[in-house]
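S.K.: Given next are the chains, with one letter for each unit.
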Amino acid sequence: MKILVPVKRVVDYNVKVRVKSDGTGVETAGVKMSMNPFDEIGVEEAVRLKEKGVATEIVAVSLGVAACAETIRTALAMGADRGILVESDADLQPLAVAKLLKAIADKEQPGLIILGKQAIDDDMSATGQMLAALLGWSQGTFASELTVDGGNLTVKREVDGGMETIVLTLPSIVTTDLRLNEPRYASLPNIMKARKKPIETVKPEDLGVDVAPRLTVVSVAEPPKRQAGVKVGSVAELVAKLKTEAKVI
Amino acid sequence: MTVLVLLDHEAGIIKQPSRSAVAAASKLGDVHVLIAGQGVQAAADAAAKLPGVAKVLLADDAAYANALAEPMSALLVSLAPAYSHLLAATTAVGKNIMPRVAALLDSQPISDISGVVDADTFVRPIYAGNAMATVKSSDAKKVITVRAASFDPVAATGGSAAIEAVAAAASASVSRFVSAELSKSERPELTAARVVVSGGRGMQNGDNFALLDPIADALGAAVGASRAAVDAGFVPNDYQVGQTGKIVAPELYIAVGISGAIQHLAGMKDSKVIVAINKDEEAPIFSVADYGLVADLFTALPELAAELKKA
Chain A
10 MKILVPVKRV VDYNVKVRVK SDGTGVETAG VKMSMNPFDE IGVEEAVRLK
60 EKGVATEIVA VSLGVAACAE TIRTALAMGA DRGILVESDA DLQPLAVAKL
110 LKAIADKEQP GLIILGKQAI DDDMSATGQM LAALLGWSQG TFASELTVDG
160 GNLTVKREVD GGMETIVLTL PSIVTTDLRL NEPRYASLPN IMKARKKPIE
210 TVKPEDLGVD VAPRLTVVSV AEPPKRQAGV KVGSVAELVA KLKTEAKVI
Chain B
13 MTVLVLLDHE AGIIKQPSRS AVAAASKLGD VHVLIAGQGV QAAADAAAKL
63 PGVAKVLLAD DAAYANALAE PMSALLVSLA PAYSHLLAAT TAVGKNIMPR
113 VAALLDSQPI SDISGVVDAD TFVRPIYAGN AMATVKSSDA KKVITVRAAS
163 FDPVAATGGS AAIEAVAAAA SASVSRFVSA ELSKSERPEL TAARVVVSGG
213 RGMQNGDNFA LLDPIADALG AAVGASRAAV DAGFVPNDYQ VGQTGKIVAP
263 ELYIAVGISG AIQHLAGMKD SKVIVAINKD EEAPIFSVAD YGLVADLFTA
313 LPELAAELKK A
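If you read the protein sequences in the order shown, they are chains A and B. Going by the working numbering, the first sequence opens with residue 10, and the numbers climb by one from there. Going by the working numbering, the second sequence opens with residue 13, and the numbers climb by one from there.
Careful: at least some of the hints might be erroneous.
Stated by the list, open to error - Pairwise CB distance ranges, derived in the manner of DEER restraints: (1) Ile175/B - Arg193/A: 31 to 41 Å; (2) Thr37/A - Asp57/B: 43 to 53 Å; (3) Arg206/B - Glu214/A: 16 to 26 Å; (4) Lys61/B - Lys41/A: 32 to 42 Å; (5) Val74/A - Gly127/B: 42 to 52 Å; (6) Thr33/A - Asp118/B: 40 to 50 Å; (7) Arg235/A - Lys61/B: 54 to 64 Å; (8) Asp164/B - Ala230/A: 17 to 27 Å; (9) Gly127/B - Lys240/A: 28 to 38 Å; (10) Arg27/A - Asp164/B: 23 to 33 Å; (11) Ala74/B - Lys41/A: 49 to 59 Å.
Unchecked claim - Simulated coverage check for chain A against chain B, where a stretch passes if three residues somewhere in it have a Cβ under 8 Å from a Cβ of chain B: (12) 10–17; (13) 52–66; (14) 71–81; (15) 118–126; (16) 202–215.
To be verified - Covered stretches of chain B (in silico footprint by chain A; criterion: 3 or more residues with CB under 8 Å from a CB of chain A, positions within the stretch not fixed): (17) 140–151; (18) 167–179; (19) 297–310.
None of these hints come from the bench; they were simulated from the model. Idealized CB from N, CA, C, for every residue including glycine.
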């Protein structure tokens with residue numbers, strides 16, 4: 010079975026983003042970029058499935074500016090076999106990304122596509138579900154455990170009240186939650202090997218997809234700032250303040 | 013303009029985040045709501061009592077018993093022609109289903125809105141809430157999930173809407189529910205609690221979470237946790253508060269042994285009053301706390317429990 014793993018290049022999770030002073034977005038110039046952490050979990054899961062003999066080939070796909078090739082390289086160093094870069098300078102929103110991925114899936118015919126449950130930049134949490142809809146495939150979102158058994162995929166999902174187990178008919182879309190696995194660090198030899206693995210570059214036009222954004226960003230603003238309050242000296246003082254000052258207990 | 017809200021329900025009760033979604037929907041137009049499930053007349057009756065709801069659509073069919081995304085999205089798409097906006101709360105159910113619906117309608121979903129500007133324009137947090145984006149949709153049909161913490165829920169009773177049965181929609185059977193392991197708790201749900209007491213890595217192990225119990229009992233609070241505590245296996249995943257867990261905005265949030273990573277702050281910084289108990293006085297959590305107590309939690313928690321008991 011071939012597995013497709015879409016990987017997104019995002020502002021590193023350790024960076025505290027700053028809103029641009031003109032309110033058009035957040036400052037990304039000179040900011041450290043990394044693979045979306047949930048996508049890393051997706052790559053790791055695909056590699057583990059290959060190590061178990063379930064997967065035969067892993068194709069990492071990234072969509073966006075030319076530098077997304079670096080994100081694909083990271084996936085290749087973790088164990089993906091080859092990459093596809095859908096190069097575009099446009100603002101690619103989840104619907105457009107899902108359509109582009111559908112075009113790639115139509116060509117590549119994977120049995121499973123593993124995506125992160127959300128990207129930590131736009132926090133949309135939408136692409137996986139949308140891709141499943143466009144392909145007409147089953148979906149297992151927020152997965153914390155996967156088991157492939159013949160033509161079926163058992164997915165343990167994180168839901169609001171705990172966990173849920175569902176069985177999907179393959180081909181399927183899976184989106185990863187935090188507890189699915191702990192991604193490996195790529196070893197130096199594997200990083201060297203990844204340099205020789207192929208990355209194919211295509212354009213949205215080649216895939217026949219209109220990527221025009223449906224959402225226009227009117228403005229981006231700082232959230233209301235919270236002021237640090239006071240330090241209290243004791244538990245008794247804390248309880249007294251919560252009672253008489255904050256009046257919440 | 014008429015909008016449709018998919019409601020989360022359990023045992024005949026409409027979940028509070030869905031009542032917040034109804035509040036958001038009321039800003040857009042006439043509100044119809046959808047109850048889907050099996051043997052869910054009681055939930056439909058409860059939905060009919062929500063103030064501001066003009067009509068309840070009831071899809072009572074085995075296909076909807078476990079809210080699987082594939083049949084649920086087919087149902088919503090079959091109902092979509094009558095509506096300008098389709099909404100749900102940003103819950104595990106809403107997040108699973110609504111983007112699938114959006115793609116089937118060729119619409120870009122607008123996830124986790126925290127504000128309604130007009131029928132096309134919405135505010136939503138990005139980058140873990142470190143920026144607020146105002147976005148305008150050009151899609152004919154808007155598909156939206158609603159951040160419950162940002163909208164005061166409508167009351168559970170007061171309305172009297174008509175209930176109309178709707179037919180199940182055809183959908184290929186590609187998924188099957190097997191089982192659910194839900195955390196059993198007498199406490200209020202995290203997203204609906206007036207007070208939340210959360211523990212972090214500083215709790216050191218799962219057994220020590222018991223130190224939070226007497227405090228939660230005294231305050232009628234829900235118990236939450238940071239991602240670090242969940243990843244370390246101290247407590248189950250459904251306790252997690254943060255960017256990728258639950259978003260809460262209670263009257264009082266007590267963070268114990270939580271350093272305050274931005275991903276955690278994203279899930280609780282809209283709380284009305286924040287208390288932080290941490291032995292590290294440099295911990296970032298103190299920068300958002302109204303009341304900070306620099307103390308060893310193993311001393312402070314029993315003291316706090318005793319002090320609250322006195323009251």
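S.K.: With reference to the structure, classify each hint as holding or not holding.
M.R.: Status of the hints after comparison with the structure:
1. Look at Ile175/B against Arg193/A: about 53 Å separates their beta carbons, and that is not inside 31 to 41 Å.
2. In this structure the supplied range 43 to 53 Å holds for Thr37/A paired with Asp57/B, their Cβ-Cβ distance being about 51 Å.
3. Evaluation of the 16 to 26 Å hint for Arg206/B and Glu214/A yields a failure: the beta carbon distance comes to about 54 Å.
4. For Lys61/B and Lys41/A, the hinted distance range of 32 to 42 Å is not satisfied, since their beta carbons lie about 52 Å from each other.
5. Checked against the given bound of 42 to 52 Å, the beta carbons of Val74/A and Gly127/B, roughly 30 Å apart, lie outside it.
6. Restraint check, Thr33/A to Asp118/B: a C-beta distance of roughly 27 Å breaks the suggested window 40 to 50 Å.
7. Under the hint 54 to 64 Å, the C-beta atoms of Arg235/A and Lys61/B, about 36 Å apart, miss the expected range.
8. Distance hint for Asp164/B and Ala230/A: a CB-CB separation of about 22 Å, consistent with the stated range 17 to 27 Å.
9. The supplied range of 28 to 38 Å is met by Gly127/B and Lys240/A, whose beta-carbon atoms lie about 33 Å from each other.
10. Taking 23 to 33 Å as the suggested C-beta distance range, the pair Arg27/A and Asp164/B conforms, at roughly 31 Å.
11. At roughly 50 Å, the beta carbons of Ala74/B and Lys41/A sit within the given window of 49 to 59 Å.
12. With a cut-off of 8 Å between beta carbons, the region 10–17 of chain A has 0 residues touching chain B; three or more are needed, and the interface restraint is violated.
13. Evaluation of the coverage hint for the region 52–66 of chain A: breached, as 0 residues show C-beta separations to chain B shorter than 8 Å, against a requirement of three.
14. For the region 71–81 of chain A, the stated coverage by chain B is violated: 0 residues have a C-beta nearer than 8 Å to a C-beta of that chain, whereas at least 3 were required.
15. With 1 residues bearing a CB less than 8 Å from a CB of chain B, the region 118–126 of chain A misses the requirement of three and the coverage assertion fails.
16. Here the region 202–215 of chain A counts 0 residues with a CB under 8 Å from a CB of chain B, which misses the bar of 3, and the coverage is violated.
17. Coverage of a stretch by a chain is defined here by at least three residues with a beta carbon nearer than 8 Å to that chain's beta carbons; for the region 140–151 of chain B and chain A the count is 12, and the condition holds.
18. For the region 167–179 of chain B, the assignment as covered by chain A is violated, since 0 residues bring a beta-carbon within under 8 Å of that chain's beta-carbons and 3 are needed.
19. Judged by the Cβ-Cβ criterion of 8 Å, the region 297–310 of chain B is covered by chain A as claimed, because 10 of its residues qualify and three suffice.
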